[in-house]
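Given the coordinates of chain A, assemble chain B with the ligand onto it according to the supplied hints.
Residue-level listing of the chains:
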Amino acid sequence: MTDVVVRQMSFSTDRSLLLLTVDWRAAARPGQFAMLKVGDWPVVPRPFSICAQDREAGTTSFLIRRRGLLWDQLLRLQPGATVQIKGPLGNGFPELPAPLLVGGGCGVAPLLFVAATRPVAGFYAGVASAAEQAFLAPLLPAGTVVTVKPQFVTDAFLASRSAGPVFACGPSSMLRVLANRYRGGPIWVSLEERMACGEGLCKGCPVRRREGSVALVCSDGPVFPEGEVSWTWQD
Amino acid sequence: MAGLTVAVAGLDVVSPVIIPAGPGGFGTELRERYDLTALGAFTAKTITPHARIGNPPPRLVDTGFGLINSIGLQNPGIVAFLDTVYPTLLPFPTHLFLSIAGETVNEFEDMARTLAGVEGFDLLELNLSCPNVEASCGVIGANPQAVHDVVVAVRRAFPDRPVAAKLPFEVPDVAGVVRACEQAGVDVLALFNCPHAARFDVATGKPFLARVTGGFSGPALKPLTLAKILAVRSLTHLPIIGMGGAWTADDVLEFRCAGADLVGMGLHTLQDPAEVCTIAHEFATGSS
Ligand SMILES: Cc1cc2nc3c(=O)[nH]c(=O)nc-3n(C[C@H](O)[C@H](O)[C@H](O)COP(=O)(O)O)c2cc1C
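Chains A and B, in that order, give the protein sequences. Residues in the first sequence are numbered from -6 upward in steps of one, following the numbering used here. Residues in the second sequence are numbered from 127 upward in steps of one, following the numbering used here.
Chain A on its own, in the form it takes in the complex (with noise of 0.2 Å):
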């Protein structure tokens, strides 16, 4: 892993959502992922979706939601502090023009890059608390569509009764939402999974295909066309 420097953090009102900027300019693609680490604790890193990269300032940001043990080292960190870093990696979404985007939670990390390199029909976020939609306000593109708890982004989606493809990323039930009731055009899916390697080694983040294989989020994917995706296992 390679370290590189914390430029810039910044927390949700409610702590619940990190924005981690830090200098690292290998290129990636929306869509792809790096994992990452904090000194020697935890000993494993974890993904995170490459949410902006800013060529010219040579940063890369991830948006990083409150969970598992790296969330305190996280809270320790400070703008130039250090943090260790691999990728990116996985395949990322494809070259589309004006995809429609549906993002729930930190999945919306990846659409925002999406975002920011191509003109897109539509970006539906749902989110879970006005604390984080007011964090991700000024990162949304005009004319987001922004879902609170207890609303479903899913539903604000089906009732704008888009036509397209989608790029769709967020809690698999929310993927499994959009799979058996959008009929408007292709779905491309980013999943989550547990992952130690990111890199197809240790086969911790299996995926069933429907013809019955198993694929590796990390290095299959995390991107997948919605129809290879056998949802038995993404529960």
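Incorrect hints may appear among the rest.
In silico DSBU-like links for lysine-lysine, alpha-carbon gap of 35 Å or less [said to hold, decoys possible]:
id	chain 1	residue 1	chain 2	residue 2
1	A	Lys30	A	Lys142
2	B	Lys332	A	Lys142
3	B	Lys332	A	Lys30
Simulated from the structure, these hints should not be mistaken for laboratory data.
Quick look at chain B with the ligand alone, frame taken from chain A:
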């Protein structure tokens, strides 16, 4: 650090640092992406007689100073492995070890016979200890008679290259199992596979892993592994590949103090293969 070449079961090994079975996958990706020449050896992930899709996710849970894994021996089966994966490995940049697991003596013997006709790898490891499968291959290693029967059959079918036995962490009769290995003709002991472990989500009361328990590895395990290696060292002169918690160059030396000849780095490989190769290089003959 001084070069530390080790001769194990007739193999000259450039560095005591090796990659054990599993964390580095089958080797295709590692071989493409990293310079493995300073490693003592690489062990490909365990293969079985038939394809296994492995366990449902979640297969991993972090414990801070370690990881619990529940992969369940996902692999394409020996036939597909030899047809499609193995050719991509050759020639391998360091010693290549293959690992096999079967559920019966016959399954081990058949795989060993197949592999006796396959060139290009240097040692056959018998995984007698996977913590993540219901089948009997998870417990063979705890039973001296079963170990004896498997090894005798494998030795018969695979006479020309060294054979290692990978034992479980939890063995009631260690002395009996080690004696069985010696008598049946094992050349190297691989000590140990991951001990059983579990974690629960306090918010839901449920286990994190789909199969509840998995195999624990990582730095937290080191002192426990060292005590067990020491105990085995007092029982046998067989070469030992120690593994379970080795992370740094100092850990390699510490494992050797306890009696290991070679040292496997599993979890470290999985998170940073390049760093493991650098540590291996520190020990490799000729480097300073
Ligand atoms: C993700 C993962 C997969 C593993 N798969 C296998 C396997 O297929 N066969 C086997 O004999 N051991 C397997 N092991 C155990 C390792 O070979 C080794 O015993 C262990 O990782 C050593 O401990 P360490 O990770 O602390 O270095 C696996 C370990 C991990 C972490």
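Verification of the hints:
1. A:Lys30 to A:Lys142: Distance of about 30 Å is within 35 Å: holds.
2. B:Lys332 to A:Lys142: holds, 24 Å
3. B:Lys332 to A:Lys30: holds, 26 Å
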